[in-house]
Amino acid sequence: MNNYIRKFYYGDIPEDKAGASIVSSTAKSDWPLWEVFIRSKQGLDHKHVGSLHATDAQMAIENARDVYTRRMEGVSIWVVESKYIHATNPDEAESLYEPATDKIYRHPTFYNLPDEVNHM
Amino acid sequence: MPTHDFEKIFQDKIDNEIRIEPKDWMPEAYRKTNIRQISQHAHSEIVGMLPEGNWISRAPSLKRKAILIAKVQDEAGHGLYLYSACETLGITREETINDLHSGKAKYSSIFNYPTITWADIGAIGWLVDGAAIMNQVMLTRTSYGPYARAMVRICKEESFHQRQGFESLLVLSKGSDEQKAMCQDAINRWWWPALMMFGPHDSESTNSEQSMLWKIKRKTNDELRQNFVDMCFEQVKILGMSLPDPKLKWNEERMHYDFGEIDWTEFWNVVKGNGPCNKQRLQARKDAWEKGEWVREAAAAHAEKRKTKQKAA
Numbered sequence: 010m011n012n013y014i015r016k017f018y019y020g021d022i023p024e025d026k027a028g029a030s031i032v033s034s035t036a037k038s039d040w041p042l043w044e045v046f047i048r049s050k051q052g053l054d055h056k057h058v059g060s061l062h063a064t065d066a067q068m069a070i071e072n073a074r075d076v077y078t079r080r081m082e083g084v085s086i087w088v089v090e091s092k093y094i095h096a097t098n099p100d101e102a103e104s105l106y107e108p109a110t111d112k113i114y115r116h117p118t119f120y121n122l123p124d125e126v127n128h129m
Numbered sequence: 014m015p016t017h018d019f020e021k022i023f024q025d026k027i028d029n030e031i032r033i034e035p036k037d038w039m040p041e042a043y044r045k046t047n048i049r050q051i052s053q054h055a056h057s058e059i060v061g062m063l064p065e066g067n068w069i070s071r072a073p074s075l076k077r078k079a080i081l082i083a084k085v086q087d088e089a090g091h092g093l094y095l096y097s098a099c100e101t102l103g104i105t106r107e108e109t110i111n112d113l114h115s116g117k118a119k120y121s122s123i124f125n126y127p128t129i130t131w132a133d134i135g136a137i138g139w140l141v142d143g144a145a146i147m148n149q150v151m152l153t154r155t156s157y158g159p160y161a162r163a164m165v166r167i168c169k170e171e172s173f174h175q176r177q178g179f180e181s182l183l184v185l186s187k188g189s190d191e192q193k194a195m196c197q198d199a200i201n202r203w204w205w206p207a208l209m210m211f212g213p214h215d216s217e218s219t220n221s222e223q224s225m226l227w228k229i230k231r232k233t234n235d236e237l238r239q240n241f242v243d244m245c246f247e248q249v250k251i252l253g254m255s256l257p258d259p260k261l262k263w264n265e266e267r268m269h270y271d272f273g274e275i276d277w278t279e280f281w282n283v284v285k286g287n288g289p290c291n292k293q294r295l296q297a298r299k300d301a302w303e304k305g306e307w308v309r310e311a312a313a314a315h316a317e318k319r320k321t322k323q324k325a326a
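Protein sequence lines correspond, in order, to chains A and B.
Residue 10 is where the first sequence starts when you use my numbering, and the numbers rise one by one after that.
Residue 14 is where the second sequence starts when you use my numbering, and the numbers rise one by one after that.
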């Protein structure tokens, strides 16, 4: 697709007007990427909040504490190296989730009951 | 499936306000635009720590020092959220940082202006963070999921930044004659660069329909700038100060404030590297990276050692 965006975004300076040469890098970051999950309070699930780089799990937790819980956002932190997360592919969405869409009888609202039957 | 079908599915999602996630198919130009925008935004947060860091050791009280440290720490966090969002598009952290150091990637030009007096710290909070918030609130609804989520997080933290800045100026505006003069001087120096933060006029940009169509951006530079001017005109009255623009006046017909023309020569000069502090800022970032190399190596060695110990135990 030959549709190059020339719109200037906030803080977005187009390269051709920026006056600097393009330097490409093939260097790889040494520290692995970690996904961070935070439990915001007792009784709630851990929820994905973001990611960061760290040398090991302990450093990942320490950094997550500094980055994601500066305002008492959490009482518990999980970290997992991103490479260990397995995910479904968007291409499979149809075969995976479509079969559920026509089973409306799985929802309570499918059943019409007389008004006298309260709170069921 | 031919590419144009993918493009149609992609555009349908955007039209229906369905966010695009990292593993979804996306046009290459969409990916590149997001990488450029998000990384420049991340660099802005990181470079933005420099002018303010300049005043941490000289803040006028322990309270102001603690506030400033917290704010600068937030900026580092914001940079990290954004670098992480950027990485989901298939570029490494190191590549994005190299692009900053080589000058290929830009950061907001506002940070190439010096912080000469303490009042500058207040003016940055009020005007610079104020201008940033206008844009960031809009970006919480940007079409790329990880970027939008990072912006939600950032916006939650950013309002403290603007409020502390305004409050700091408010204190000065009620102080001695010297303090009042310092407050007005800072406003005078930061006003125009803050307006420049919104970027060139809409008429200067091409293909604007495409980016609006992709909902990366939802308001134009000029719309956001106008909102900012309208807001500041009211707020400056509370400070009992003035904005340095004789052309500022209410336009009944437009229901907006009219304002003078930005010095675009200055704008492009600073973008191209000739602002008051461009070289200093970039050098500070390069130094931090190079001089911090031993720390990165030590951390890696330490982690290795810890791993060996755990295995042995």
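Be aware that one or more of the hints could be misleading.
Straight-line alpha carbon distances no greater than 30 Å define the calculated DSS-like cross-link-like pairs of lysine-lysine that follow [said to hold, decoys possible]:
| hint | chain 1 | residue 1 | chain 2 | residue 2 |
| --- | --- | --- | --- | --- |
| 1 | A | K92 | B | K78 |
| 2 | A | K56 | B | K36 |
| 3 | B | K324 | A | K92 |
| 4 | B | K36 | A | K112 |
| 5 | B | K117 | B | K324 |
| 6 | A | K92 | B | K45 |
| 7 | A | K92 | B | K26 |
| 8 | B | K36 | B | K232 |
| 9 | B | K320 | B | K78 |
| 10 | B | K169 | A | K50 |
| 11 | B | K320 | A | K92 |
| 12 | B | K232 | A | K92 |
| 13 | B | K318 | A | K92 |
| 14 | B | K45 | A | K56 |
| 15 | A | K56 | B | K117 |
| 16 | B | K285 | A | K56 |
| 17 | B | K260 | B | K228 |
| 18 | B | K26 | A | K56 |
| 19 | B | K26 | A | K112 |
| 20 | A | K112 | B | K320 |
| 21 | A | K56 | B | K78 |
| 22 | B | K232 | B | K285 |
Example chain A residues on the side facing chain B (calculated, C-beta under 7 Å, incomplete) [what the hints assert, rightly or not]:
| hint | residue |
| --- | --- |
| 23 | D65 |
| 24 | H95 |
| 25 | P99 |
Just so you know, these hints were derived from the structure itself, not from any lab.
Quick reminder that beta carbons are idealized off the backbone N, C-alpha and C, glycines included.
Next on the checklist: Please verify whether K320/B and K92/A have alpha carbons no more than 30 Å apart.
Outcome noted: Judged against 30 Å, a Cα distance of about 18 Å means the pair holds.
Checklist entry - Given the proposed pairing of K26/B with K56/A, does the C-alpha separation stay at or below 30 Å? => result With a Cα-Cα distance of about 25 Å, the restraint between K26/B and K56/A holds, given a limit of 30 Å.
Checklist entry - Hey, K36/B versus K232/B, does the alpha-carbon distance stay inside 30 Å? => result 27 Å, holds
Item to check | K320/B paired with K78/B [C-alpha distance capped at 30 Å] | outcome: The given pair, whose Cα atoms are some 39 Å apart, is violated under the 30 Å limit.
Checklist entry - Keeping to a limit of 30 Å between CA atoms, is the pair of K92/A and K45/B held or broken? => result 24 Å, holds
Checklist entry - Once the shortest beta carbon distance from D65/A to chain B is found, is it less than 7 Å? => result 4 Å, holds
Checklist entry - Is the hinted pair K232/B and K285/B satisfied, with a Cα-Cα distance of at most 30 Å? => result Given pair K232/B, K285/B holds - Cα atoms ~25 Å apart, limit 30 Å.
Checklist entry - Do the numbers back the hint for P99/A, that is, is its least Cβ distance to chain B under 7 Å? => result With Cβ-Cβ at 5 Å, under 7 Å, it holds.
Next on the checklist: Next pair to validate is K36/B with K112/A; report whether the Cα-Cα distance is within 30 Å.
Outcome noted: 28 Å, holds
Next on the checklist: Would the hint linking K285/B and K56/A be met if the CA-CA limit is 30 Å?
Outcome noted: Judged against 30 Å, a Cα distance of about 42 Å means the pair is violated.
Checklist entry - Keeping to a limit of 30 Å between CA atoms, is the pair of K112/A and K320/B held or broken? => result Status violated; Cα separation ~50 Å.
Checklist entry - Regarding the pair K56/A and K78/B, is the alpha-carbon distance no greater than 30 Å? => result Between K56/A and K78/B the Cα gap is close to 33 Å, so the pair fails against 30 Å, i.e. violated.
Violated hints, listed in ascending order, are 1, 5, 9, 12, 15, 16, 17, 20, 21, 24; each of the other numbered hints is respected by the structure.
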